[in-house]
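Given the coordinates of chain A, work out where chains B, C, D, E, F, G and H with the ligands should sit on it, guided by the hints.
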Amino acid sequence: MSQIEIQLGGLGGQGVVLAGMTLGRGLALYEELHVSLTQSFGPEARGSACNVQIIAARAPIFYPYLERPDILVTLSQGAFRRFAPGLKDGGLLLFEEELVKAEPLPNGVRAYGVPATRLAEELGRKMVMNMVVLGFFTAVTGLLRPESARRAVSESVPRGTEALNLAAFEKGYTCGLERLTAGTREGIRVCSSPISGRS
Amino acid sequence: MSQIEIQLGGLGGQGVVLAGMTLGRGLALYEELHVSLTQSFGPEARGSACNVQIIAARAPIFYPYLERPDILVTLSQGAFRRFAPGLKDGGLLLFEEELVKAEPLPNGVRAYGVPATRLAEELGRKMVMNMVVLGFFTAVTGLLRPESARRAVSESVPRGTEALNLAAFEKGYTCGLERLTAGTREGIRVCSSPISGRS
Amino acid sequence: MKADPIGVLTGTHFFDGDHACCEGALAAGCRFAAGYPITPSTEIVERFAQRAPLVGGMFLQMEDELAASIAIQGAVWAGAKAFTVTSGPGFSLMMEHIGFAAMTETPCVIVNVQRGGPSTGLPTLPGQADMMQARWGSHGDYELIALAPSSPQECFDLTIHAFNLAEQYRVPVLVMMDECVGHMTEKVVIPPASEIEVAPRRYTRLPRGEYVPFHAGPDGVPEMVRAGEGYRIHVTGMTHDEQGFPAPTVEAQQKLVQRLVEKIRRNAEAIVRYEETGVEDAEVVVVAYGITARVARRAVELARQQGVRAGLLRPVVVWPFPENRIAELARRVRAFVVAEMNLGQIALEVERCSAGNAPTVLVPHGGGAVHHPEEILEVILAQARTEEVLR
Amino acid sequence: MKADPIGVLTGTHFFDGDHACCEGALAAGCRFAAGYPITPSTEIVERFAQRAPLVGGMFLQMEDELAASIAIQGAVWAGAKAFTVTSGPGFSLMMEHIGFAAMTETPCVIVNVQRGGPSTGLPTLPGQADMMQARWGSHGDYELIALAPSSPQECFDLTIHAFNLAEQYRVPVLVMMDECVGHMTEKVVIPPASEIEVAPRRYTRLPRGEYVPFHAGPDGVPEMVRAGEGYRIHVTGMTHDEQGFPAPTVEAQQKLVQRLVEKIRRNAEAIVRYEETGVEDAEVVVVAYGITARVARRAVELARQQGVRAGLLRPVVVWPFPENRIAELARRVRAFVVAEMNLGQIALEVERCSAGNAPTVLVPHGGGAVHHPEEILEVILAQARTEEVLR
Amino acid sequence: MPEEAPPEAKKTKKVRGTVVINLARCKGCGFCIAFCPPQVLEFAEDYNPQGYHPPRLTDPDGCTGCDLCGLYCPDFAIYGIMLKNGAPPSAAREKSDES
Amino acid sequence: MPEEAPPEAKKTKKVRGTVVINLARCKGCGFCIAFCPPQVLEFAEDYNPQGYHPPRLTDPDGCTGCDLCGLYCPDFAIYGIMLKNGAPPSAAREKSDES
Amino acid sequence: MSAPVEAPLAANPVEAVLRSFRMPHIWCPGCGIGTTVNCFARALEQSKLNLDKVVVVSGIGCSGRVAGYLDLDSFHTTHGRAIPFATGMKIANPKLTVVVYSGDGDLVGIGGNHFIHAARRNLDLKVICINNFTYGMTGGQMGPTTPVSALSSTTPFGCFEPGFNLPHLAESAGAVYVARWTTYHVRQLAHTMGEMLRKNGFSFLEIISPCPTLYGQRNRLGDGLAMMKHFKQQSVLRHGAPTKEVGIELQGPIAVGKFVDIERPSFLDVMNEQLGRTLEAEYAGCVKDHVPD
Amino acid sequence: MSAPVEAPLAANPVEAVLRSFRMPHIWCPGCGIGTTVNCFARALEQSKLNLDKVVVVSGIGCSGRVAGYLDLDSFHTTHGRAIPFATGMKIANPKLTVVVYSGDGDLVGIGGNHFIHAARRNLDLKVICINNFTYGMTGGQMGPTTPVSALSSTTPFGCFEPGFNLPHLAESAGAVYVARWTTYHVRQLAHTMGEMLRKNGFSFLEIISPCPTLYGQRNRLGDGLAMMKHFKQQSVLRHGAPTKEVGIELQGPIAVGKFVDIERPSFLDVMNEQLGRTLEAEYAGCVKDHVPD
Ligand SMILES: Cc1ncc(C[n+]2csc(CCOP(=O)(O)OP(=O)(O)O)c2C)c(N)n1
Ligand SMILES: Cc1ncc(C[n+]2csc(CCOP(=O)(O)OP(=O)(O)O)c2C)c(N)n1
Ligand code: SF4
Ligand code: SF4
Ligand code: SF4
Ligand code: SF4
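Chains as they are written, first to last, in our numbering: chain A, -13 to 185; chain B, -13 to 185; chain C, 8 to 398; chain D, 8 to 398; chain E, 77 to 175; chain F, 77 to 175; chain G, 1398 to 1690; chain H, 1398 to 1690.
Bound conformation, chain A alone (with noise of 0.2 angstroms):
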């Protein structure tokens, strides 16, 4: 497999956006991958589900949609909801674990759930979820270097607030290597990315 296909939903407002943004950044200019991002809006502008589709691959991108997503990244019921039967036999699933009930889990996937909002409030700013999911996803899938992440991470997230954010990707990160050793819902960790040829 040449590509690798992830998705992140959500509800406006939790910065799935943004998230997917940092991630994207992270593996286009850190790890010399070839990126496309697409994000669909819900219909109405504003507290409505949207979502992030991330391609990532060796070669030039032609075709930006996702197939049937890698790994998927859920943080509302509704986003499990749509997104979650369309996941590839043996994907990753990644989830809020307080805002969705991973239920039913379609067949081979394996889950990982991280309690973001929780761990957000601990540094006092809930707003900081979204980087809390993208350290818990890259200590999980391994896409990219944490060093990468993390400078994505500073150049994306709104001046004067890097540390914040920094903090809240580690604690996503340490939970994420934490989850990783505890094993997946199924018990059964994530292989090496087939495209980052790292764990």
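Be aware that one or more of the hints could be misleading.
Said to hold, decoys possible - Okay, derived cross-link-like pairs now, DSS-like style, lysine-lysine, Cα gap no bigger than 30 angstroms in a straight line:
{"#": "1", "chain 1": "G", "residue 1": "K1641", "chain 2": "H", "residue 2": "K1450"}
{"#": "2", "chain 1": "G", "residue 1": "K1492", "chain 2": "C", "residue 2": "K9"}
{"#": "3", "chain 1": "H", "residue 1": "K1626", "chain 2": "B", "residue 2": "K112"}
Unchecked claim - Non-contacting residues of chain H with respect to chain F, defined by C-beta distances greater than 10 angstroms in every case (computed):
{"#": "4", "residue": "N1447"}
{"#": "5", "residue": "D1620"}
{"#": "6", "residue": "V1657"}
{"#": "7", "residue": "E1679"}
Hints in this document: simulated from the structure, not taken from any laboratory. Every residue, glycine too, gets a C-beta built ideally from N, C-alpha and C.
Quick look at chains B, C, D, E, F, G and H with the ligands alone, frame taken from chain A:
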């Protein structure tokens, strides 16, 4: 010849268009002819040359533009200068004799002058000069019956000015009859119109 | 339905095209006009302003063409038949609202008395260079109907027809006059009201609960209501569902826009109208519309005089375009000669529809005056002698 | 001329098309933008508003699109390079001023990030249904140039190209993006200023007495001056003579409008740009642009996988249209398949240019989302098997 | 004027009004709570399906049914009613948290 | 203010100014005549090439050269000049009725 | 759950004029637009008008969505053009009560020309303008009311053009009724809207309303509630104040009240009078026959 | 012939700024537009400005033709859009003196929105508006200034909408300098135009001007001269009058004078201040490098 071509030219403000419209109306509605009237203004909206072109025919008119007028009426020197050369061989020229010096007269053209402005001023309104010309035209060309022309005049002029305009018409008409008797500059009376069959 | 006699000035008149157009609107039952002055179209509404108060109508001079082109739509939804008139620059300003009328299926008529363009161009002189704009000038996919009268009589007749088509298909209908036709005066016969067929608005008979505002019948056209009757409808320029509410989804879009387009495309054969002269045996067919058709007719006559079998096809309805007829003729004529007062617009459609079966030769004209018949004649003669594509 | 480094954000970025477009404008030397907010284009000027004050530029938010589209022209005549950005409804409002720019030969760039139409339509979702409007939306005869980027990188590159073409031909140049390309984020490489070619304004070197403002050189393009330099020029949207003064005559009209049109038509081969993939041996050629070209490319790949010799022709410059190339291909391919996010626009041009030599099959889409590659694939496969014209 | 506490707010402890809440519609803006003259509303702890904390009545006796919450609520999720004899009007039987 | 007759208008009969008229440009509106403070202009009898009666100076001595005619003339066809010692300025030699 | 009584939701006074089936609406938490709709619903109810004859016309914007949520004949037109659409509608059927309900960007940004001309004509339209100091729907750009130095997505370094004083503009263009309240002033809003429904002529109500999402947060005015409290605090009641004096700045007082309420013959009155006088019996009356009651 | 002295026509003070080779102009006999050009020419001359840096922008209309007759850099734009064109020009090159010279229909009919927004911004534009109470160029239709009961080609039974009080509108929208004269007041016009050329900010001059051809004759006000005399008679000097009070009716007084002349930082001042303060050294200045002196 199945149709007759008439051109009226003068300066904006002289009422050339109204005269033409009245004439066209008389021919179209009360002589049962097919009539096509087109007008062109000078490039600028006001104070510049304008002219009206009329085709009258027994059959429907498709092409509404003149090839070479049979009859030309000029109320300004500019109009004479511009249009007289286009007059058909053996055509008829009518002109305001105090505003237009009808020289050089194209070959074979018969010309009748009318002191229309002065006649109108005698009525106290220089403005109705155009109706004097129309009366003159009616008398000299015999293209339409005076009743037809009178009816067209009363219908075409602003409400309340009918009497004045009709008076102007009569002045022109009388003058036309007089001049007819006196003969054209070449001493040749205009022959009966090929399409009206009346003199 | 027959015309309301109050608006019908029955009789024989000596009118220019602008005045005839106004009388056509009144005869068609139009009782509201909104406009913004622009040469050479203003005479139409000047007359309307004179006449309307006498027949229960009203001319409203708006602050600009944006306002005029939407005010008529407000009037339509209040129950009136309404139109606006303009010329080039004003027509460009109406583009957004032509799209709104198409999207909301608001029956209305827009008259464009074409002058020389682009931009301010030649305000008092003729042009025919807004023909493609008429079809494509607003954003997004839509279809509409455009007519091109050739005489004052047709300005009268086709304005009525425009109102009727607008009602029948619930689309904006454009009357694409040109300055020549607008300012040319000829005999115009206005028949008695009882002989004028007028399309009524397709009002629903369903009660509120059952009525689905944008649910279309088999011909693709939904029934209508007007404001103030208790239906409590919603009308939006957004992509909407059959109830009329915003439905910003791919599915709603596909369904709606497809229908808007199909209600014209599928009925195109019924809408298309053209006039042919000497086409039966023609080797060269001239395609021309508006004033140019009359000039072209002279050219065709001259060609016939010279022994060339020339014919004239005059699209009376220009959009939808007589595609099938052109395609048919293409298979048996030597060439099409398109004469229009522009540098090539309808010619492109002729070229497309003839699908390589006959060459299309444009006789262009920059505008400001009609062609000289000789210009067209020359091309006819050349085509009669050659089969090369000149374009 | 090379780009002014101050405006060039050299480096590798992760930009969406809107941001890339803004950077392209800055790199091209654009220092003035006027605009009126509209989804999905506003990000372009939002970024411009951020960046411009740091590089000697300025974003001015106007009261509407009419104002925005003429304010940039005022700025251009004051010496700036300038652009405006909009989407469907705003684009419709700019039509009059596109004509003014064409008539006055004011080099400027207008970006339309296409969304679903008609009317308010689908404000946040993509469409490609303003393509014919781009060519025909203003009244009168004129020609302009329109580009269609397929990626954020091209949004950058083609925006620069747009400014350059505008200067070279003194026409309005349209960058016809679509919402997908505008909101898609990819790597965008901005080279050093020294590697960016920027067309300077074609200022005259002649002194006042000798300079004839609208007298064109052999390529049909006159030299320019700016206000405030003592030339005391006159610029009008009316038909004008070479001195620039109103000349409302048939002759002036013919001369001027003919030149305006010819300066693009005659140089079309130099302006046209397209990209071909697998066309050499193709039996079916897909024509697609913007985001749809990327979807079509997948379909072509899938077709090749199934043993069908499919190819892709992607017009990068859409207007002027690659007429000759289509005509050429038509003589040897089995069929053209046109995929566009509308119900048939560029397909008409392909049909026309192919002159019956190969059928043109449209894969329509109402907008709101891209095609599924399978939809295009199916048509490719069907065409590979048949020669019938499906349209 | 709304800022004046209406006389009913004084602790007369007789049930004269109450509020009806459409929990599903609430977006938790807090307008109703902040501008309730007798200050008898507060945020509920639970989330509604949209993820917001809707209001709840803290002191049923204190509500005057003045419907100011109803005027303020931008989501049409709450309104006040006056009660006759402390009982809801006869028709008042539907579920209040329909979604 | 234009409506006040300037002091020069008093009959001092010394040539202090005059007017220059571009006859061809005049459209005979009469502004210059009506608003000339010393009232020294009137319509000429002849027509100009455009068919209008241009103004002419009736009383050369009365003209003060105040140029109010020049300010009023909508056709840029007339203007007033002050004269030194009753003579036109040295350059004042061109024909005034160029067309 | 916490509702102490199960009562008919339909009894919510706004339901009668609301399209409840379209709820939840698109407005953000703490957005003031919905609050104004409550007030309008009450005003309608109290007006005793036949609601079948009341029409609401909106342009495009968050505020422009009001039309879609009100269960009246409702028209969601193009951006900026609600007033001319309403103009055509009112003139074609003078028996309709035509309310224009839209945003400041819509009505006086792109729509400013129609606004002043309609006021000049004094056509009987009731114009309700939600002023949230920004273009909400498109993401918080500067608008015609954004005060100097306010942040917006197109003025990232602070706005450098002053916003309109809308009551002043409305009055000088010719409005006969001009008032301003904030969304905090719910009872006053309902009262004013009621007066407007009765007034003959061009009446104008400016409602200062929170857009927490795009204006409040960016300008450190907090969420919707904080903005409401800010409005409460900053409002100064100034009935009858010269409109010249009621401009609004980023911080600083917000004059509220009814500023103008004069009598001037409305467009249709003048028209009927003028045409009647000139044409006498010939005058057939305005677009008369389209309007069965 | 009757000129008592042969003098250089070029000495006509207006020739210096006129495109004489384009004479005769298109304006009708007795039209006031040319008179205003005389005044403007004098004002320019006295201003001692470098005329190479003075630009005139017009829209479309009889008045809009002014640009073509002035020997300045001149732009004859589209109908109603002179102000936004001028706005782009002024901002792109602040060193230009930008004069907008056009008709009332152009500036406040179709162009009304730009007019009020430019006044609000207080950009340094000098707007000269020829108000002839009608749309001249298109044949005498009603316009935004046509008084009630006046006849026009589109109000054949008398106009039934009041015209704008333009000084009031201008002031309420934000103009810092507002004056009105008639074409009778030639010296005052020249003086006022001179003041405008010096004023920083949005300044507005309304000139009441005769259109005998299409307004005067139709309304029995006679020819140009009769209208000038009418202006003379009806004018009332009211320097500093509240603009609210200076509306014009068909018959009745015409208030003239300078009504407003206040100081308010201009658009470019506020912009430079705001951006300078926020961005400090990073601020590169406005469209800086396009403007060699
Ligand atoms: C012609 C046109 N231009 C721009 C837009 C984009 N647009 C939609 S809503 C809006 C602004 C709305 O602002 P406002 O009226 O203040 O309402 P709010 O959203 O703030 O309530 C804009 C610019 C459009 N739809 N149409
Ligand atoms: C978009 C557009 N609409 C209409 C016109 C037609 N038009 C040209 S000039 C004019 C009116 C000019 O009136 P005003 O500005 O008062 O100038 P005046 O001619 O009276 O001096 C109009 C409506 C146009 N050129 N463009
Ligand atoms: S006002 Fe309405 S939306 Fe806000 S908290 Fe109260 S019930 Fe919820
Ligand atoms: S003011 Fe000028 S145009 Fe008028 S009469 Fe005098 S010279 Fe002639
Ligand atoms: S963006 Fe602002 S105006 Fe729009 S719904 Fe949200 S809070 Fe209200
Ligand atoms: S029509 Fe009126 S405004 Fe135009 S030039 Fe003639 S007098 Fe002047």
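* Give me the numbers of the hints this structure contradicts, sorted from smallest to largest. => 1, 5
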